[in-house]
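In this text, residue positions in the sequence shown follow our numbering: the first is 1, and each later residue adds one.
Hints may contain errors.
Claimed, not checked - Straight-line C-alpha distance at most 20 Å; calculated SDA-like pairs for lysine to any residue:
1. Lys26 / Tyr61
2. Lys14 / Gly31
3. Lys30 / Leu58
4. Lys52 / Asp25
5. Lys52 / Lys14
6. Lys14 / Leu58
7. Lys30 / Ala19
8. Lys26 / Glu60
9. Lys30 / Ser53
10. Lys30 / Cys16
11. Lys45 / Met17
12. Lys14 / Thr27
13. Lys52 / Pro37
The set of hints was computed from the structure by calculation and includes no laboratory data.
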Amino acid sequence: MPSFLYFQSITNYKMCMPATCNTCDKTTWKGCGLHVPYAMDSIPKSQWCTCKSADGSLSEYPPKLGTGIAG
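All chains should be built: construct the whole structure from the sequences, respecting the hints.
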């Protein structure tokens, strides 16, 4: 039988999902970071968040909710 801590870690796991950027009001993602394509691939790119990654890294997807800077 799984331990309580195992069950708690599973239930606290947040799969990625679309979210609205607080800066540009377009769609970005929130969650663990392992399922970004799942969260974003059904959203037209014209509706994607236009913010830049705060650390300057480039990605084919917008930055995680709350981490981007206006761009």
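Against the structure, the hints come out as follows:
| no. | hint | in the structure |
| --- | --- | --- |
| 1 | Lys26 / Tyr61 | holds (13 Å) |
| 2 | Lys14 / Gly31 | holds (5 Å) |
| 3 | Lys30 / Leu58 | holds (17 Å) |
| 4 | Lys52 / Asp25 | holds (14 Å) |
| 5 | Lys52 / Lys14 | violated (23 Å) |
| 6 | Lys14 / Leu58 | violated (24 Å) |
| 7 | Lys30 / Ala19 | holds (6 Å) |
| 8 | Lys26 / Glu60 | holds (16 Å) |
| 9 | Lys30 / Ser53 | holds (14 Å) |
| 10 | Lys30 / Cys16 | holds (5 Å) |
| 11 | Lys45 / Met17 | holds (15 Å) |
| 12 | Lys14 / Thr27 | holds (18 Å) |
| 13 | Lys52 / Pro37 | holds (18 Å) |
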